[in-house]
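Q: Got chain A sorted already, so can you dock chains B, C and D onto it with the hints?
4 protein chains.
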Amino acid sequence: MSEFSRYHFRVKFHDTDAMGVIHHSKHIKYFEEARVEFLREKEMKWHNRSDKPLIFAVVSLATQYLKPARFDEELQVWTQARLQGARIQFQYAIFSELQKSFIALGTTELIALDDKLIPKRLPKDLVQAFKSIDWNENWPPKL
Amino acid sequence: MSEFSRYHFRVKFHDTDAMGVIHHSKHIKYFEEARVEFLREKEMKWHNRSDKPLIFAVVSLATQYLKPARFDEELQVWTQARLQGARIQFQYAIFSELQKSFIALGTTELIALDDKLIPKRLPKDLVQAFKSIDWNENWPPKL
Amino acid sequence: MSEFSRYHFRVKFHDTDAMGVIHHSKHIKYFEEARVEFLREKEMKWHNRSDKPLIFAVVSLATQYLKPARFDEELQVWTQARLQGARIQFQYAIFSELQKSFIALGTTELIALDDKLIPKRLPKDLVQAFKSIDWNENWPPKL
Amino acid sequence: MSEFSRYHFRVKFHDTDAMGVIHHSKHIKYFEEARVEFLREKEMKWHNRSDKPLIFAVVSLATQYLKPARFDEELQVWTQARLQGARIQFQYAIFSELQKSFIALGTTELIALDDKLIPKRLPKDLVQAFKSIDWNENWPPKL
Numbered sequence: 002m003s004e005f006s007r008y009h010f011r012v013k014f015h016d017t018d019a020m021g022v023i024h025h026s027k028h029i030k031y032f033e034e035a036r037v038e039f040l041r042e043k044e045m046k047w048h049n050r051s052d053k054p055l056i057f058a059v060v061s062l063a064t065q066y067l068k069p070a071r072f073d074e075e076l077q078v079w080t081q082a083r084l085q086g087a088r089i090q091f092q093y094a095i096f097s098e099l100q101k102s103f104i105a106l107g108t109t110e111l112i113a114l115d116d117k118l119i120p121k122r123l124p125k126d127l128v129q130a131f132k133s134i135d136w137n138e139n140w141p142p143k144l
Numbered sequence: 002m003s004e005f006s007r008y009h010f011r012v013k014f015h016d017t018d019a020m021g022v023i024h025h026s027k028h029i030k031y032f033e034e035a036r037v038e039f040l041r042e043k044e045m046k047w048h049n050r051s052d053k054p055l056i057f058a059v060v061s062l063a064t065q066y067l068k069p070a071r072f073d074e075e076l077q078v079w080t081q082a083r084l085q086g087a088r089i090q091f092q093y094a095i096f097s098e099l100q101k102s103f104i105a106l107g108t109t110e111l112i113a114l115d116d117k118l119i120p121k122r123l124p125k126d127l128v129q130a131f132k133s134i135d136w137n138e139n140w141p142p143k144l
Numbered sequence: 002m003s004e005f006s007r008y009h010f011r012v013k014f015h016d017t018d019a020m021g022v023i024h025h026s027k028h029i030k031y032f033e034e035a036r037v038e039f040l041r042e043k044e045m046k047w048h049n050r051s052d053k054p055l056i057f058a059v060v061s062l063a064t065q066y067l068k069p070a071r072f073d074e075e076l077q078v079w080t081q082a083r084l085q086g087a088r089i090q091f092q093y094a095i096f097s098e099l100q101k102s103f104i105a106l107g108t109t110e111l112i113a114l115d116d117k118l119i120p121k122r123l124p125k126d127l128v129q130a131f132k133s134i135d136w137n138e139n140w141p142p143k144l
Numbered sequence: 002m003s004e005f006s007r008y009h010f011r012v013k014f015h016d017t018d019a020m021g022v023i024h025h026s027k028h029i030k031y032f033e034e035a036r037v038e039f040l041r042e043k044e045m046k047w048h049n050r051s052d053k054p055l056i057f058a059v060v061s062l063a064t065q066y067l068k069p070a071r072f073d074e075e076l077q078v079w080t081q082a083r084l085q086g087a088r089i090q091f092q093y094a095i096f097s098e099l100q101k102s103f104i105a106l107g108t109t110e111l112i113a114l115d116d117k118l119i120p121k122r123l124p125k126d127l128v129q130a131f132k133s134i135d136w137n138e139n140w141p142p143k144l
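Residue numbers (my numbering), protein chains in the order written: chain A, 2 to 144; chain B, 2 to 144; chain C, 2 to 144; chain D, 2 to 144.
Just so you know, these hints were derived from the structure itself, not from any lab. The hints are all genuine.
Since the list gives no way to pick one copy over another, a pair counts as held whenever it fits inside one copy or between any two copies.
Derived DSS-like pairs: lysine-lysine, alpha-carbon spacing no greater than 27 Å straight-line:
#: 1; residue 1: K13; residue 2: K30
#: 2; residue 1: K46; residue 2: K101
#: 3; residue 1: K43; residue 2: K132
#: 4; residue 1: K53; residue 2: K13
#: 5; residue 1: K46; residue 2: K117
#: 6; residue 1: K53; residue 2: K117
#: 7; residue 1: K68; residue 2: K46
#: 8; residue 1: K132; residue 2: K30
Isolated chain A, as found in the complex (with noise of 0.2 Å):
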């Protein structure tokens, strides 16, 4: 499998703040939105499995952000992903469409729990799944 992923999405009025501008928690929440938009175009059974429950926890962070924007402006979110031992590491640069270059870049590493939120082994048709698509090491991507 090749490539990182393009979430596609307007910013919302309520995702602004009295700057006039995104609120910069709310860069988090499209981080989360493009995880799982990966995750669904990857093909990458994680919700709603049929043998066990499975919830990816946050375990850090991070955000550099580069620009700002604006109410309805158009942005995407691009995604990689790869294993880093027992976590999920997940790359993510916002572009906006308007502005022709990156607002914002970020990464989050994450940890698979079972219901009761005890750490679990990723089941091997995940690690499978991360192993098998295409890792960019210049992040983000040239435009």
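A: Chains B, C and D alone, transformed into the frame defined by chain A:
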């Protein structure tokens, strides 16, 4: 037991939107926070009951927005509650200390659920507690 | 012009609460998103007008919560609008594709403001546009 | 001036997600709230300045999530700040009174902007104020 409760707080920056004022969805969160503090103040055992899990679910909601309010403004949510058949009715009035007036009025109706989200009878101690609280027919109270 | 609009989306994980379902404040955000898409679909020039800034402020809101919905569920917000004197009334019905039923109904009233939050007349092109839209007296529409 | 500040609050129900714990985006809001209370406690004139509008914009953010926390849990955000060139660096540690341990650590870097979102020099009174505050190299402090 007497009187409505008063829940004090300041408008958070992340509650504002690009109009420079509290986003209209945030009042719903303030009502919820005020409800929790009302139940605490009236010493109603609600969550973490030793008998059985009890969840209050909102089944209807109405809000009137009277005035805008801004970042860091000191607000109070005045709250009263009564039983209406199987429903618990809460009434709210949000008062601005700066503006010396109400900025919003609201009402919510809740029902009791068990942890499978099935409606259940309100426990007797809670029925008694709600019946012992005064209800102000004229709402909001005069300033 | 005919018909209500239909805004499609999935429940985000960050929309859920500890009951495992959509938090009741999130429906208010869905209504806002649906409103924006309604105005876009009907080609109503609303924000970024070349003449003068125009803001729509919510002055009242009512919601009935009919059923819970869960993470990743596919929902639609059906939306219609009409003028009521100086107010614009929107009606919403949130439909779950999984449950084949409505999970919530809502209505909001909005007024037009300038960028100093002073009420202003609705521009003529918008008055015309709202008048040309069908209004369904029986809401929600039959499934 | 001495010491980090401690901002006390309880986890709101609307801060939880379907895992039953605080959603990881909410810690970012707690950091912001703690930042505002830090500036208030240190009597730093920040917003509503008589000279000129001043906005603090977050340019980077990092968080480590150590433990989950649940609805109504009493938390404290411990906060310290210092100047790093043109940036203001804040460090946070979220302490749970129930768990007697830290549940998350964080850091943010902010820059000063005017009301057109153009970078501006930090006013002298604020530079002085930040320089007079102790900075704890070992963070979080020992329990």
